[in-house]
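Protein chains: 4
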Amino acid sequence: MSRRFVLTLSCPDRPGIVAAVASTLANLGGNILESQQFDDPRTGRFFMRVLLEPVAGESIEEAHLRGAIAAVAQRFEMDFDLRLADAPYRTILMVSKFGHCLNDLLFRWRSGGIAMDVAAVVSNHRDLEPLVASYGVPFHYLPVTPQTKAEAEAALLTLVEELDVDLVVLARYMQILSDGLTQRMSGRIINIHHSFLPSFKGAKPYHQAYERGVKLVGATAHYVTADLDEGPIIEQDAIRVDHRMAPEDLVRAGQECEERVLARALRWHCESRVMLAGDRTVVFS
Amino acid sequence: MSRRFVLTLSCPDRPGIVAAVASTLANLGGNILESQQFDDPRTGRFFMRVLLEPVAGESIEEAHLRGAIAAVAQRFEMDFDLRLADAPYRTILMVSKFGHCLNDLLFRWRSGGIAMDVAAVVSNHRDLEPLVASYGVPFHYLPVTPQTKAEAEAALLTLVEELDVDLVVLARYMQILSDGLTQRMSGRIINIHHSFLPSFKGAKPYHQAYERGVKLVGATAHYVTADLDEGPIIEQDAIRVDHRMAPEDLVRAGQECEERVLARALRWHCESRVMLAGDRTVVFS
Amino acid sequence: MSRRFVLTLSCPDRPGIVAAVASTLANLGGNILESQQFDDPRTGRFFMRVLLEPVAGESIEEAHLRGAIAAVAQRFEMDFDLRLADAPYRTILMVSKFGHCLNDLLFRWRSGGIAMDVAAVVSNHRDLEPLVASYGVPFHYLPVTPQTKAEAEAALLTLVEELDVDLVVLARYMQILSDGLTQRMSGRIINIHHSFLPSFKGAKPYHQAYERGVKLVGATAHYVTADLDEGPIIEQDAIRVDHRMAPEDLVRAGQECEERVLARALRWHCESRVMLAGDRTVVFS
Amino acid sequence: MSRRFVLTLSCPDRPGIVAAVASTLANLGGNILESQQFDDPRTGRFFMRVLLEPVAGESIEEAHLRGAIAAVAQRFEMDFDLRLADAPYRTILMVSKFGHCLNDLLFRWRSGGIAMDVAAVVSNHRDLEPLVASYGVPFHYLPVTPQTKAEAEAALLTLVEELDVDLVVLARYMQILSDGLTQRMSGRIINIHHSFLPSFKGAKPYHQAYERGVKLVGATAHYVTADLDEGPIIEQDAIRVDHRMAPEDLVRAGQECEERVLARALRWHCESRVMLAGDRTVVFS
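Protein chains in written order, with full-length UniProt numbering: chain A, 1 to 285; chain B, 1 to 285; chain C, 1 to 285; chain D, 1 to 285.
No incorrect hints appear here.
Computed list of lysine-lysine pairs in DSS-like fashion (alpha-carbon distance at most 30 Å, straight line):
1. D:LYS204 with C:LYS201
2. B:LYS149 with B:LYS201
3. D:LYS201 with C:LYS201
4. C:LYS149 with C:LYS97
5. B:LYS97 with B:LYS149
6. B:LYS204 with A:LYS204
7. A:LYS204 with B:LYS201
8. D:LYS97 with D:LYS204
9. D:LYS201 with C:LYS204
10. A:LYS201 with B:LYS201
11. C:LYS204 with D:LYS204
12. A:LYS201 with B:LYS204
13. C:LYS204 with C:LYS97
Everything labelled a hint here was simulated from the structure, so no lab data went into it. No experiment lies behind these values; they were computed from the predicted model shown.
Input sequences plus hints: build the corresponding full structure.
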C-alpha cells in the first residue's frame, strides 16, 4: 500500500522555487495530489504545502525523499517539514471546568474527524475526569496554585516528552502559562480564546460584550505566545446575539462558536495546513 | 383607506403596563397587528413597540389616539413616540469620497426598500455629486477645514431645520462632528464604522486588521455620541478573510459588510424598531 | 419562591385579544416578562406566547390561572397551552449509528443548555449504547425489520406512555415511522433531515449534493408528518463547501450543521417557542 | 513596466505536470506569484491556475510564452488559456425590470471591484435605461415576443461580435435563451437564479419558499446551459428568514443575496478563477 507524504516549506521568495521542488519530487517518482503556495508581500517569504503520493505501483523511501528535499532546501534557504500524511499528531488536551470543547474534540477524534491521537487530558480540576474516562483516555490532575505552578508546568513538560507529544491544546484551560513554557513550545500550543480578539481581551469577555451591547460575539483560536491574547490567529468565527440575551446567554452562544472554531483550527493544524508567517498565520485550508 | 400607527414606549418596569396599553388601544377601536416588548434587567426599564390599525371599516383620529396614550403614559412615567406607519423619515445622507454606501442607500430608497425620504446629500467633497444628481436629489457641498468646521456644522443644522429632517446618516463621512452637534441631535445621527467595534477603533481599521492577521473583518452601525466609536450599537456583521488578502482586499470585503450593516440599521430605524436603553439598543427587528 | 408560567395560544384573529389576555393576567397578579405575537395573513390566525411571573411577593395558583385563561379562550375560540416555565420536556432520543447529534444533545442537556429530561434513548442498533451508558440514561434496543416494525413501534409507544414523554427526537434515526405513529404523535416528533429541504430529499443527500456541485450544504429540523421530508420546518442552516470536498467531506461538514440545527430547534421547542401554523411554523425565538 | 499573465489549464491527471509547467515558466524568466491546482477524482482531470510575472527587470513576450506552453500542452493533452492579467473581460449585462443586480455591478465596475469592461447593457424593457445612461454605457432595447425572439437573439449575437464580448451576464434577465444561443456561448453566459438551486426551480421561487415555510432563502450563480436551472454552479449563498416575512419580504432578502452571489461569481470569472469540470465548477477563489 502506497504512503502519502505532506511537505510544508517556507523560504525567501525568489524565482524557480516551484520548478525546483516539483522537479525534485517528480524525479523521485512522486505524484503531486495537492499543492498550495503563497507569496507573502509582508514578510517577503514564500510558503508551500504539497501532498504527495508515489506514482502508481511504486513506493518512495522516506529517507531518500528527505535527503533530496534537504538539498533543495539548502539551495533556497528553506525551512521544511516532512510528515507521513496519515501519522496523527500526538496531542495533550488541557481543560479546567468547562467541558464543551473537550466533549466536542473527544467525539470528533473518536469519529475520525481530526487526525490526532489524544495521548492524555490534563486538568487543574477533577470535574471532567468521568467524561475523559468514558473515552478510555488517561486523565492527569495537575492542580495549580501560585506555589505549585512551576511544578505543574514541569510535570506537563515531562508528559510532553514521555508521551512524545506534538501539540498541546488549551481547550478552555483557565491558567496562564509561563513565558518559559510558551517559548519552549512555540507554535505547538493552540488556545481557544472565548472572544473575538482583539476585542474584549482579558477576563469575562462575554460580560464585557454584554455591557457594550454588541450584536455579534465570537471566538478565536490562536497559537500561544508570551504576550497573552496576542498570538498568531488561526481561525475566528462569530455568532449573532441580541438585546434580549443576558450574559449567560452570550456565554452559551459563544461556547458554540468556541467549539467550531477550535475544532477547525485543530483539524487544519493536524493536516499540516497552518504555517507561521511572523505574527500571522498562513492557512492552506 | 385606513391608516396604521407605530407606537413605541419605554418606562420603569411594573405590572399592568401591557394590559393598560392594550385596553386603551382596544377601546379606541385599534387592532394590534404587531407587538414586541422587552424587560431590560440591566436598566430596569420596559420597552414596547406596537403596530396598530383601526378595526375594519373604522378610522382613528391621531389627536384622539395621542391624548389617550398620553394619559396612560403619565400614569406609568412613560416616554412614548407615535408616528403614522407610512410616514417616511426625512433624512440627510452625509458622505466624503467613498460612495458604496451612498449608492446602495439611494438605490434601496428609490426601490422602496427603506421607509425614508432623502431630503439632501451633504458632502465635504464634490466627487459624488454626479451620482447624487442622477437621483435628482439636492447635493450640498460643505467643505470642512479646522477654520470652517463650525460654519459647516451651522449650515448643516440650518438644512436639518429647513428640510424638517428626522435623521442624519454618516454613510462614510470622514469628519468628526463636534460634541455640541452630537448632543443636540442625540439618537438622530447614525454612523457606519468600518470596523468590528470595539476592535480597531480609529483610523485605517482594515490596515490594523491586516497587521493583526484576523480571519474576519466587520462593520458596525451605531448612534453617534460625543465619545467617538463608542455610541450605542444598532447592528454589526462580519465577513471571512484570509492570509492572501492585502489591505485593499480587506477594504473591499469590508465595504460589502458596511453596505449591508448600514442598510439594515437604517431600515430598522425608519420602521421605529430601534430604541435606546442607556448606552445599548433594543432592536425589535 | 415564585413560579413562572409559559402560555401559548392561537385563535382566529380579531380585535381585543391582547387586551383580554393581558387584563386577565394582570387581574390575577401576573407580571408579563416576555410577550410575542404574530398575525398570520396566510391562515388568518393570531399566535401569542407569554412568559409570566407573579407580582413580587405574591404567588399564582395554577388551577386558578388555567381557569381564567380557559374563560378567555372560550370567548375567542382559542387553543392554548399552559406550562410551568421550569418544567422540562420529557424526551426520548432515537438514533441509529451516527452519534454526533446524540453526543451533542446529551452534553447540552447535562450542561443545562436545553430544558429537557432525557427519559431514554431508543435505537435500532447497539453501537451507541456505551455513550448513552456514560450519561446514566436507559438505553432501549429496538431492532427494526419489515417483520418487527409494528412491534418496535408498539414498544416505543409503550415507553412514551410509561415514561410520560412529551417529545420524541429523531437524532439521525434512519427508519421511517408509520403513518399511524406520526399521526398519533403529531407535533411531538422532531426529525433532523441531513439536507437543505426541499433540495435533495431521500437517501444520500450529501452524495446528491456532491454530484450537483453545490456550494452550500444544509440541514433541516422539522416536525414529522406522514408525508416524509415534508413536515413543518422549525429551523435550517447551511455551511459553505467547495469543489475540493469529496462526498465524505460534505458529510462531515453537514454533520456540524445537523448538530447546530437540531440543538436550536430542540431548545426552542422545549421553551414552548414553536407553534404550528398549518404546514408552517411560527418560531418565537 | 512588467506585465502579468494568468494561465489556466486542464488535462488528464498524470505525474509530472506541475514540474513540466513550472520548469517551462522558470526557463522563460517567469516568476510564479500564485498557483492553485486540483485533481478531480470524479473526472480524472487535473486543473491548474498560475499567476505569473517576469523576473525583476525582465519582460516576457506573449507569443513566446504561448508557444512554450503550447508545447507542454500537446505533451499532456492540455486545454489551456493564457491572458494578460490586467486585460478586462468585455461584458454585456442583460436585465429586465429588476435593477438591483445591475446597479450593484455598475457601481462595482466603476469602482474597480470587478475586472470587466461593460461594453453594453441589453434589456427587453426600457425601465433601467436612465440608470445605465448615468454611467455612460450604451443601452440596447431588444424587446422579446415569441415572434421576435429569434431576431432579438440574432441582434444580441451581432453585438457580441461587434463589441468583441467575452461574457454575457444575465443580471435578472427574465427571458429564456434558446438552445442554439446557449450552446454557441457555452461557458460564457452567467445567470443569477433567484433561488437556492436545486430547490424551487422555475417561476416565483420566493413565493414557493414562503409556502414551504423555509428558514433560509438563497441565490445561485451558474453558467447557462440548454437545461434551464441546471447549469454548473459557480456560487451560492443563503440568508435567514422567518415566519413574519411575507413573500415580498423574502424577495427583498433574496435580492441582497442575489447581488452578493452574482458579484462574487463575476469577480472570480473575470480573474480566470472558474473552470468547468463536466457539469460542476472548480473555483480557485
